[in-house]
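Dock the two chains into a complex; use the hints.
Protein chains in written order, with my numbering: chain A, 167 to 598; chain B, 462 to 878.
Just so you know, the hints here were simulated from the structure itself, not pulled from any lab data.
Watch out, some of these pointers could steer you wrong.
What the hints assert, rightly or not - Only some residues are given here: those of chain B computed to face chain A with a beta carbon under 7 Å:
| hint | residue |
| --- | --- |
| 1 | Leu603 |
| 2 | Lys816 |
| 3 | Ser819 |
A virtual CB, placed ideally from N, CA and C, is assigned to each residue, including glycine.
Below, each chain spelled out in residue letters.
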Amino acid sequence: MSETHAQTAAYVRDTMIPEQAPPGSEFGAIHWLRSNLFSGWLNTLLTVLSLGAVWWLIVHIGPWFGNAIWNANSLSECRAILDGREGACFGVIKDRWHQLLFGFYPGHLYWRPVLALVLMLAALAPVLFTGVPRQMLWFTALYPGVAYWLLWGGSVWFPIAALAGFAVGYAAYLLLARVSTLIGTIAAFLAPVLWWLFASQAVADALQSVIPLGIQPVRSDLFGGFMLSIIIGVTGIALSLPLGILLALGRKSDMLLVKTICVGFIEFIRGVPLITLLFTASLLLNYFLPPGTSFDIILRVIIMVTLFAAAYMAEVIRGGLAALPRGQYEAADALGLDYWKAQRLIIMPQALKVAIPGIVNTFIGLFKDTTLVVFIGLLDPIGLSNAIRADNAWNGIYWELFGFIGLMFFIFCFGMSRYSMYLERKLKTDHR
Amino acid sequence: MTIEAAPPKESFRLSMLVYDTRYRSLTIQVVFLFLFMAGAAWLIDNTLQNLARLGKDFSFNFLWSRAGYDINQRFVEYDSGMTHGRAMLVGLLNTLFVAALACVTATVIGVLAGVARLSTNWIVGRLMTVYVEGFRNVPLLLWILVIFAVMTEAMPQPSAFRGDEPAASMLLFDSVAITNRGTYIPEPLFARSLGDIYVGLFYISLDLVAVIAVFIASLLGNRVLLRHAERVQNETGVRPRTWWKSVLILFVPLLILLSALGFHLRYPELRGFNFQDGIFMRNSLMALWLALSLYTGAFIAENVRAGILAISRGQTEAAFALGMRPRRTMRLVILPQALRVIIPPLISQYLNITKNTSLALAVGYMDLRSTLGGITINQTGRELEGMMLMMLVYLVISLLISLAMNIYNRSVRLKER
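If we strip away everything but chain B, and leave its shape as in the complex, we get (with noise of 0.2 Å):
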């Protein structure tokens, strides 16, 4: 029998708080935050002192005060006599609206790029480089220039559509007119409108709710339709035809819909000196959106080009030993798994177009920049507010759309082990 000597009984001592590691770490983190917590307080102190120094006070009170300025677009109501506060809205709005229509357009731009790019055609292969390299490769901000430089300089004058002969005609069958001023387009109208809603902040179509509403609930629809399809298919082995059930489903409530409010579009027509009716997309809009769209899609080109590539030779080979055909192939086996690959850098360049949207001062495009990050700032002289609220409002956009990517990644990941 042994008796267990015990071991020897360690006493704490200071060296062991640096040579340590169980306790090291615990030393540099109370010196780092020591350091950080003396950092952040001397920026706040000398904040403080600076403000007190300006006779200025720390408040957002500013926001509820006369705004007193015009912004030129606007899809809530507004006008000079409003707060502060409703003009910074109608700057997000002016950021989120555009952001949203190049997000759309870069997206097909990228993909149709980044596909025309792997093809075997040579001459559209390399047109494609050419567009990609010479887009990626060139500031944002000169190709917002030049494209607003196109679109006041080089574009017609309204009055060069007049006459018997004119200099220059509307796209479209004569529903787009693009002039040096702007670019007109048809506007959608209702003969039977079902009026506004007013929620708490500004009217919202009711047409444009039943629309949506009805939309949402045709895509849900085939949804369960192509459910019933597969479980058809699991039960016999058989799938049946959906294709024209689908496009019933999709498109005829719709129509049904638009039909019963009287639907029809107001083609912009030349009146007086300029074109009336119509809605009328400022240049300064259209630059912006044509720049940023062509920017990122010549990036997301490069993703979905890559994430193709990403899929090996041997997954197309593997289904085609199965028998199965090209599209198939594609559409159930290459795209499930070229996707998981490209959409993560894809929303983190949508993250990159609704941060480059604040390159609208370029141009003069009301978006939240120019509202409170401009106007408001110079006229209240709020600077430290008004660039932590923008600061703060950019933030929470960005981390929405981080946060989508992140579900969106937990859910596609692989599950392995």
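So here's chain A without its partners, still in its complex pose (with noise of 0.2 Å):
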């Protein structure tokens, strides 16, 4: 055989060729710039485009980042500063940092704000995180109290029997639940509503004047800056997400009537700008109360805010129930469970688990919504920007402040955002 071969082939190898590196251009940067940034004459002038749109910004704006002044006490001591160069002001920044981010909040009690904030990230990191332990939802639950209390100050009793209010329901419910369960149900909700009515304000009287214990009140139109943007942002999240899901359980209910009254509310909210709604509050709201009754200008603007945001979770929630498939809801019936165990147990997981990146961006936009208030007159960032334009030192500084401000939003709706990519990704079930 090999004899025959030998004559039809002058050489046999026998051993395998070294494997050769690929060409230049299939490779490392070349291959890279070539496959991603010129692979057509289209993709060759969007590059160049692009390139050149970056090139623009670098040349317009780099100086005037490279030139930032940052100690400086008025726009004219700048510009002295940067003789005739271009170059932002950062110096606004420093020498109203504080009331970009407290408003005009008394200067000695900015302790109180900041401790509420901190207490405030410790109360969010058993709700948001699960590696947190299980008891500080206790504290969570007391946070909004002692919230109020550290930013409004003034009686500490008055957020105690505020809050005594939910214990009374509790007791109640535990009291009459022996009677009849429906009975203590409704009880559970009669008594603290009456509790807040009629006894709460006459129970925090008489231990203020027991035992007087308060720290200094502050009132509701020194506050400002990013606290109130904060203070507006998260009592309107953590208001309109239940406030949403029994909206959007409404509108899917079978009960005639609360069909009705639900789709007419979210209809009528979503169908008028938010501005709108905040006048109602600054300007109407004295006609629907009892003559004489006035109540806390940031608070009424926190109800408006929750119930416009409340609107618009109730249809993302509906979207992530009209998602569950019908065989859901039957297996519910089909264990026994009542509906509101069912809601619980095993249609609410799952539809909120559906609607997470909706419900995430309805937060967004409430958050940047709280910018409006400025129109009612309340000292949001934004209103602070045209206050400390006003002032003489600072007559004409647009850009340095609106990009602050812009920074700040962006680092929080950015980080909300990607909360929720974190929450989607851990709460995946599905194997693909």
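Next up, the structure:
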């Protein structure tokens, strides 16, 4: 055999050739550039245009950042230091730092909002991350009272008496549930309402006169800056989710009356701009309440923002409910769960998971919408930027303030959207 | 033979209202209705008491009284001697105008950015991500103020356009001038105009009506042509060439009409201290328009991207397997499916634009909120009636848009089983 073979083939290779490196155009930076940036005339054109845009931005904005002045007490001082060059004057942020964060909150009391913020992070931790001990949730439940007391000050008994309403409701339930679960449930709703309407204030006053315990009160019109945005935003977020769930359930309900009222409410709120609702809060609420009552403007705004976000939330959650297959409801029925148990244990965990991106988008929208309170005279960061510009020292300063405010909002909102992505990944149960 | 025992007769007991699921929903609804009516009655009663206390009545008669204030941008005749109702109409038209402008540009920006974000080109993809995240995560109000500040602070004065070597120059063949007072663009004029026609509330230019009518007729003609081509294709398997016929049908009648009417553009021109002629677009309009377009464009870009990504790769592969070219695949397979996903959120973005025009307040654009909800309320002291009317108007606009959305959704819904 080998003989004949030797005649037909002059040479037979008996070892493998070592692998050659791919040609230079198939790997490394050049390949990457070719396939990602210059793969066709259109792509090349786009690349050149994009590079041009980036270059234009660097050339025009670079020096402005490069020559930035951080130490100056007025715009004219800044301009004197810059001496005709282009340059940012970030001195305004340093000069008005406290104002941008706290508004006109009394300077010696800054520790209170700061402490409230730190405690808020502690209260949020068990809600946001599962690694945190569950016992922390008790602190989360108490936090609203603590935050109210720290921010507005005054008697410590007022928030305690308000929180005690929940304890009263629970006690009423425990007492009367022995007679009948139904009566117990009704009592659990009625007792706190009666407590807040008639007893809470009196008890707080009585306790205050017996054991005077309180800190210096701060009026609402001194609130401002990012503190105000966060107060409105966080409260609105915390309240709009449960309200949105209730509205969505109402909209999906078989009960015609409940459904009609929920649909009417949702469509009305979604049909009008938030500004009109805020103006309603500031101009019209005096018409709708009994003569002589007036309550805090920040509270009014929070209520309106919450109602507004809740209507959007309801639609997002309805989308999540619609995504659930009918079998899930039927399975819950087959297990003999009643309506609320089925919602709590089977429907809502799945529907909310599906709706996470939409829910977080609503949160982000709500937080951005807190800037609209500037129109009814509250001093949110944008309102403060106008106030700072009204001062002679900083008259005519725009970009630095807008840039700072925009950056802060960007950090908050971008953080929220990243968190929602983390949550989606964590809760993902399908195997793809 | 068995005798069927009669089922035990169920008598109605009061406790069944609570414990029997057949009756419980009835009970809950009655209680709910009762609470709702009580709440509504409480609010109305309070309102009546408060109105009585303030010595006010509830009437919309102020709409027919003299307004007494000027509006700097108007599409129908208006002067300060006209009524508050008329001012409301002017404001409403301004709202709709800026909303329509922003819807068009936001769609264009959004589609381009959404497609570009999916591009294989690394730098374009990154730039678009920066654009989308940057605009989505910063409040719209801030963008409006920033763009307004750019327009008023960073743009050249009209005097900068003067002289032999001006510091600023007009754009697009000397037709557009962007100054710190506003933007001037060419004005379309008709030498042989057909005149105006009065339709109850305002005048409508007959030239405009004629142009729109001819354009719609061309579109219909084009549709007939395409139908015919499709029929021929179904019968013979060969699709006749239609593109040059389409071009002829779409554009020739319009060009003939325009030349018959003596259409020409009048360019803005620097005379005295300011630009004259042309159309003057105020900074408030420009800022609102640009900010709404860029802001909403970022959201639309995400919708477009999600819509394209929602179409599984298998669809493209199937089309390729059938021997379709990439462009046809896009037009006939991917786009029709992606549009079904894209259009509902797109329309709700239009809804958002319309509602967000109320931020016009920040830059002093005279929209519905600034006329009816601002000056009229302040002058007449009718905040209750004014706010209710304004909410009603916004609500009607929103409901109309969502009606359109529902009709569309029904028409493209997947018909399964």
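Hint check results:
1. The beta carbon of Leu603(B) is positioned within 7 Å of a beta carbon in chain A (closest approach about 5 Å), and the interface hint is therefore held.
2. For Lys816(B), the interface hint holds, the least distance from its beta-carbon to any beta-carbon of chain A being 4 Å, beneath 7 Å.
3. Checking Ser819(B) against chain A by beta carbon gives a least distance of about 4 Å; that is within 7 Å, so the hint holds.
In this structure, every one of the numbered hints holds.
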